[in-house]
Each structure stands twice: as C-alpha cells, then as structure tokens.
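Visitor: Please put together the full structure from these sequences, using the hints given.
Here the protein sequences line up with chains G and B, keeping their order. Reading the first sequence from the start, the letters are residues 1 to 459 in our numbering. Reading the second sequence from the start, the letters are residues 460 to 934 in our numbering.
Just so you know, the hints here were simulated from the structure itself, not pulled from any lab data.
Sample of chain B residues facing chain G (criterion: CB under 7 Å; computed from the structure):
#	residue
1	Pro478
2	His519
3	Leu768
4	Arg777
5	Gly781
Anything over 12 Å on all C-beta distances counts as not near chain B; from chain G, calculated:
#	residue
6	Glu24
7	Thr282
8	Glu284
9	Ala348
10	Arg356
11	Ala359
12	Gly400
13	Thr416
14	Glu419
Don't be surprised by glycine CBs; every beta carbon is placed ideally from N, CA and C.
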Amino acid sequence: MANPARPADRTAAPRGSGAFTATEHRLGNGLRLVLSEDHLTPVASVCLWYDVGSRHERPGRTGLAHLFEHLMFQGSASIPGNGHFELVQGAGGSLNGTTSFERTNYFETMPAHQLELALWLEADRMGSLLAALDQQSLDNQRDVVKNERRQRYDNQPYGTAFEKLVAMAFPEGHPYHHMPIGSMDDLDAASLADVQAFFRTYYAPNNAVLTVVGDIDPAQTVAWVEKYFGTIPGTSENATKPAPADGTGLPPVMGGQLRRVVHEDVPSRALMAAYRLPVDGTREADAADIALTVLGAGESSRLHNRLVRRDRLAVVAGFGMMRLAGAPSVGWMDAKTSGDARIEDIEAAVDEELARLAADGPTAEEMERAQAQIEREWFDRLDTAHGKADELARYATLFGDPQLATTAVDRLLDITAEEVRAITAERLRPDNRAVLVYEPTGAESAAGTEDDATEDEDR
Amino acid sequence: MSTEPQTPATGTETPVIAPEMTLHPRPEAAEPRPWVFPAPERSVLGNGLTVLRCHRPGRHVVAVELSVDAPLHAEPEGLDGVATLTARALAEGTARMDGEEFAAALERCGATLDAQADHPGIRVSLEVPASRLEQALELVAEAVRAPAFPDAEIERLVANRLDEITHELANPQRRAAMALYAELFPAADRVSRPRQGTAETVRRIDRDAVAAFHAEHFRPATACAVIAGDLSEADLDGVLERTLGAWGGTPAEHSRLAPVASDDAARVVIVDRPGSVQTQVLIGRTGPDRHDPTWAEQVVGIYCLGGTLTSRLDRVLREEKGYTYGIRAFPQVVRSGEGGDGRGALLGIAGSVQTEVTGAALGDLVAVIRGVADGGLTADERNAAVQNLVGVAPLKYETAAAVADTLADQVEQGLPDDYQAHQYQRLAKVTAEAATAAATAAFPLDRMVVVLVGDASRIGDEVRKLGIGPVTVQS
Chain G
1 MANPARPADR TAAPRGSGAF TATEHRLGNG LRLVLSEDHL TPVASVCLWY DVGSRHERPG
61 RTGLAHLFEH LMFQGSASIP GNGHFELVQG AGGSLNGTTS FERTNYFETM PAHQLELALW
121 LEADRMGSLL AALDQQSLDN QRDVVKNERR QRYDNQPYGT AFEKLVAMAF PEGHPYHHMP
181 IGSMDDLDAA SLADVQAFFR TYYAPNNAVL TVVGDIDPAQ TVAWVEKYFG TIPGTSENAT
241 KPAPADGTGL PPVMGGQLRR VVHEDVPSRA LMAAYRLPVD GTREADAADI ALTVLGAGES
301 SRLHNRLVRR DRLAVVAGFG MMRLAGAPSV GWMDAKTSGD ARIEDIEAAV DEELARLAAD
361 GPTAEEMERA QAQIEREWFD RLDTAHGKAD ELARYATLFG DPQLATTAVD RLLDITAEEV
421 RAITAERLRP DNRAVLVYEP TGAESAAGTE DDATEDEDR
Chain B
460 MSTEPQTPAT GTETPVIAPE MTLHPRPEAA EPRPWVFPAP ERSVLGNGLT VLRCHRPGRH
520 VVAVELSVDA PLHAEPEGLD GVATLTARAL AEGTARMDGE EFAAALERCG ATLDAQADHP
580 GIRVSLEVPA SRLEQALELV AEAVRAPAFP DAEIERLVAN RLDEITHELA NPQRRAAMAL
640 YAELFPAADR VSRPRQGTAE TVRRIDRDAV AAFHAEHFRP ATACAVIAGD LSEADLDGVL
700 ERTLGAWGGT PAEHSRLAPV ASDDAARVVI VDRPGSVQTQ VLIGRTGPDR HDPTWAEQVV
760 GIYCLGGTLT SRLDRVLREE KGYTYGIRAF PQVVRSGEGG DGRGALLGIA GSVQTEVTGA
820 ALGDLVAVIR GVADGGLTAD ERNAAVQNLV GVAPLKYETA AAVADTLADQ VEQGLPDDYQ
880 AHQYQRLAKV TAEAATAAAT AAFPLDRMVV VLVGDASRIG DEVRKLGIGP VTVQS
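Guide: Below you can see the structure in the form of structure tokens.
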C-alpha cells in the first residue's frame, strides 16, 4: 500500500533491509539455523533462542524460566563451572542471556576466528546441561536471582510498577499475568527436580532457533553446526512440550478501566497505564507502534509537548510498546508529576490527547517524524551483527519466518495515517486500560513496600 | 499437569545424567583476522573548529560528537548546573524556530540529539542516517551558534531540573555517587558537587546566566567535531563549510584542567535509606588516568579484580556466596588533561548486596582485595583479562557512535588521536606482576572511602565491626 504521508525524499534514504539477506537450514533433529553474511568487520554473532518463556511456567513456579537461564551458565558436560563465561570472554567475545514472557535467548558475539568455540559451547549445554547441574548451583543462582530482583525491582522507586500493571492488564490465570523475574516465594520453591524437568521439556534442538551473523563462511558454519548440534536428540513427538495456556483469547478491549492507587515512599506522584493492543505480527500492531510514537516517544511527541512543555504538569511523560506475539501487546504510559501537579489534571490532558488523535489522526509531519525515528532505530539495530542475529531469531522463533526481519522496517513505513487514527480510536481509550497511580507517603512510613499499598477499582 | 513428562524424584543427591549427544573436544581458534582501531583524519576549518573525520564503510547511522570547551569548573560561583542548563537549552529554539519546531525538525531527519555537561566540557552528540547528515548538522550548527534561550523555556528547564533532583535523591546509585564525591573531593573543587547542580544552585539560574555562560564558552576555535560513519556519499567538506563552518567566534586559549586532589583516608559513610532491601555499595578513591604510564597495567589489574562475572570479586560475592547480582571494579576518568598530574581517574567498586549480608559481603570484599595484594594475580587471570580487553575491540567498535565517542574522549583528555590504536599494544605487554602491582596500588585498604546507601539501623553495627575506618551516618 502506498503511504500518502511518505515524502518523496525518503527514497533517497538508505534502506536497512536492502543489503540484508538470510538463508535457512534445518537439521535432522529439528534445529532451525539462519545465516546472514556481513563482512564489514571481523565479528560473528551467535543467537540461540529457545521457544520457552515465563508464559510456560506453572502456577507456584513463577521465575523458573529465568532462574533456569542462569543455570545454563553453570557448566555442562565438557565445560566446568563458569567455563562459558571464561572461555567466551577469554576469546575476546561477549555473551549473555535474557528471559522474557515469550522466549529465552543466549548470545555470543565473537571475533570471527572464534566462531567455532561459541557453537561448541552452545551445543554442549543444549545437549548435556544435566550432567553438570547440581543442587549447589541451583541454590547459589537462586540467591543471585533474588538479588537481581531486589536490585532491579524491589529497591528502586516505582521499581515494581510494571509488574503491577502487567498483573492488572492480564487477568489472574493468564500466562502473562506474572513477570519473568517471578516471586520470591516461587523462587524459593524451585527444586532440582523442577529445573531438570524444565530442561527435558523445553531445551531441545526442535524447540530452538540458531542464528549466526557476520564475517562467516556459510558452508563452514553449517558444517560446524551439524558437527556440534547434529547428534543432540530432538524431543520425540509423543513428548511434545505443553503449550502455554492460550494468551490471545482475551477480548480486544478490556471493557472497563481497572485502577489501583499505591501509597509508597516515592519521590513524586505518578500516573501509569497499560493499554491492551493488537498482537504483534499484524499491521494493527505496527499502526499502534506509530500511534504511540506520535503520542509519546521523543521530544516532539504530543504528550511531551502538552504535559512537559506547555502545561508543565509532568517532569517526564511518554509511551512505550511491549510487542507480544502470544498475547495482546501492551502500550505503556508513564507520567511523573512536576511539583504539586495533580493526577486528575494529567489524566484529563492525556485523555484529551488520545481523543484528539482518535478523531483527527496524525498530521503528515507527525507521520514523517515517527517513521523517520522508527527507521533510524532499525538502522541502529541492524548496524551490529548481534542486532541482526537477534532480529532474525525473533522472527523465526515467534513468527516462524526469519525473512520477516529483513522487511520489518518496510512494513512500518507502509502504515498510513488513517490506520494510525483507527487503531487509536479502537484501542487507546479509557475503557481499555489498567491505571496505576502512585501517591507518595513521605519519609515517615518509609517501609514503602507492597504491605502498605492500598487498592481500589473503578471498573 | 499430566501433559508434562514425569521426572524421577532425585532429591538433593544428583545422579550423573549422561548426555545422549556426541561430545567433542574444545575447538581451536582459526587465524585471527586483522583489525585496527580506525585512524581519524584531522583538519581545521576556517573558523578554527577542529574536525576529526572517520569513514566507517557500511555504517549508515552517522555519529557526530561536538566537544565544546565549557568545563564545569568554569561555572560561576553558586551556579552549579548552569552548564547543564545551557546544554539543554541549545535545543529550545533558535532565531528561526521555537523549541517545539526545533525538536520536530530534528526528528524529521530521523536524528537524535543529546547535550551533556561534564567536567571537561559540554558534549553535543548527534546520530542521524547518512542521507540526512547535512540537514541535521545545519540544526546543530544553528543551536550552538545562535540559540534563542527564550525566558519561558529556561524557566521551564530549571523547574524540570528541580523535579529531576527529587527523583535522583530517591535512587540508591545516584545517592551513593553524590555522597562519595562530596566525601572524597575538597568542597572547593567543582568535582565534589553534583555535575548537574543541586536544588539550591539550580534555583538561582535564569536566562541571563545561561546566555552569559554560552557567550563566554561557545567558540569554534576551542571546539572539536568528530564525525564517524559511512561518509562515502557525503561531500563532507561542503557540508561542514555550510553548517558548523558558519559558526563564528573570537579565538581563545583552550582552558586548562586542574589536577584533582582527594582525601582518601579510609572511612565509611552510611547514607540512611530506611526500608532498603539491599545496600548500595560504592567504594572509591582517585588514581592514575590515561596520561599515567601505568594506565594499561591498572586496566588489566582492575579487570582481574572486578571487571566481569568471572573476576575475583564476583567469583566470591556472586558465584560462591550469592550476596549480589554483581559487583564491578572500574577506573573512570573524571578530569584529566595534558597539564594534569596523570591522576584524574576515579577508581571505584560498585554493586548492591542484600541488606542482611551487608557486613559479611564487605568483609569478603576486603578479603578479596587483600588476597590480590598478598598472593598476586595468576598468569591465567592476566591472560584471560588481556585476551578479553584486546579481543573485544572489533565488537566494541562495530558502530560509528562507539568510535566517535572514544575519539571525542581522547580529544577532551588531551590524548593523541592514535591513543586507542596503540592502547592494544600496551595492554598486550602487561605482565601478571605489573597487573598485581597496579590493582594493589589502586585499592589500598587504608586509603579508600566506602559509601553505603541502605538501612542504617540494620547494617550499622555489622559494618562498624569490620574496622575499615571511622563510620558516620548521614540521613
């Protein structure tokens, strides 16, 4: 579809997807392999995505997928202790792993001549983690993860805001109701038998996608992957992994506003909200992305201009989008008040801006700006071997087709102003959001935890 | 759940679980492919602006780092934060457009612009797709050359900054940094006070103060622009002539950065943060910067002590004890120039530990430092550190922004343009003995300030028992 808002000079801009191609392979055991050559710099990036995230966790075992991710760095049959870190870093590489609602990923970026080492390491732990995993590692990493939770969530002002919003946006029992970090009680409850079962269920070549991007020889890379991963047995068909409870079955809008007021020792009042948006992989999700960019990303967005610049009600105000493939995506609004500004005034201004965009749509200039920003973000991501490898793995794992990564930016640039208006009218409305309000308690009741939080709802 | 495979109960005794795959020996590395840190081309425009250009083929997001000689120590007495507000106000309108229009014009180019004030000067950072470089540079040039500084916008930026300070005071990391700098450096030195000012000083700043700071310090003759990215399509000489080349100003001497003095007598400051579930730890003193011949040795030594998850500190505090998500030791240049004494770096150890084990974690931390001094670093540790620090170079400098940032740092610190390129040779020559000596010299146990942001009522007694030094509590 032609985009009427797209200026003529856009064709002069370099297209990130232009020089970006990928080839696909599949091993006999079901492992999917995606390769992309890029010889600009002597670097090779490996991404291994497992199709398991916190959405697969059982009640009472929240946080298990993430705790498990930590255990993947505790050694496997050929690699003692912290060998994964030691060997990769000692080879001049960098590495890490992350766990989200939907997937768990592991990645190494290596000097190109060390690529084989990274493949050997990933294969060894995919096929033989349980040979090294013991109670001591589990107990140690449980403590580390609990400290990760304290550091990133519990000891930060507003640190658990997103967790609270997610719990409201996805009802009790929904696979996305809880965050990947999990709860302290559930982390305490995880046993060695739990993590062994988790490995046997989800860590198999036919539940993973491997991408290798950079200064690589494709034929040699395929041969190495065959050599190291080829003998790892896939899980048999009658032991297929349990699917997560369906996350997409929710109605398109919440049908009423959920609201919670939290009294905590935070520095200022805050108004936050989570809107239910279309599932990722659809034109509607891309349209929502642009709507949120127009409304709340960057210094020229409507919320920034209105709340920070003109009305001076907020110190920061913006929107973000968490794209989800297995549940409705989430649009996240965050506004921290300036001085003594009142939540009601901020809320009224936000609602006015949403209604205005829903009625009139974005201007041609706004479409141009939003798309130029989104395009640059894509260039940024595709400027590194890791960025490309990660995007290829994302589309292969969550949407079954890595080639979608090479055209993602074109799809975003194809969205029209009318589509942006329509999705705003349909989704960015008060009866489709969970609202979280922070009221500071001041220093006197400084404990500032969930214990003194109060709740109310105005459904 | 019946759909899940049944797992035999194993309890705490782990039977050996034999893998079904074929295990292979660890592969050997192939021949390394050559990589060198790029050499920039240096030139001076007609208006005196120094330009470093660095062509990075295929990098379509171009990075521009403009260093302006407007150091924090040049801020007038009592107006801490005026450099920050000047930097922020650059984007709040010019003769041709107001702040909203300026932001819109930049975003229309797909550009991001950031301006930060730090001890060596103000840094304006632009990232933009190569095809829009000229439009974006035109905006940047307009902002540094002729900012309008509208009264109302300055007033708003002041109010906004005051709001931010409230949030910073609630953040454990920021609180720790504020307390450490105030404790370590003499009150008269600008370094001791928050870079972006305090509520007391920011409140005094108005349009006149901002305009005066700009008029006095923004000159092309003492500024430097680093431009990195795919420049093959750009007529860069023409672009520069039409944009930053049109920035006028009288010549001036580059300002001198004074050496940094510090009082690092061992002591502990607890910043009380009731209810904290973790204690934020920040240990610091000052030491060699890049002008000192032992910098490379110090980089290797500090990496071995606490550069990564497999360094000594995390091996004990995280991977053995589980006290923390991670503790890092680092050298960070604070204020360093050609005329300095080569000791302008903050040498720090930072991380957060569970409240209940704060005393035990600090005790272990001290023991780890003592262990390096007593037993030395091993050849294996030294090799792993050097191989990492040298080997990651091509990864670290994949993007144009990373290259431009390092080149601009070199310029601000008065280092030669080929400093980073040669750094890798210096790192490769560091011995285990030299790394041990540097790490030991970096963190002598009787000369370091320990800041703890946490619940004083729960950690105070344990910390006093450690005998690190006198303990004071701030609320």
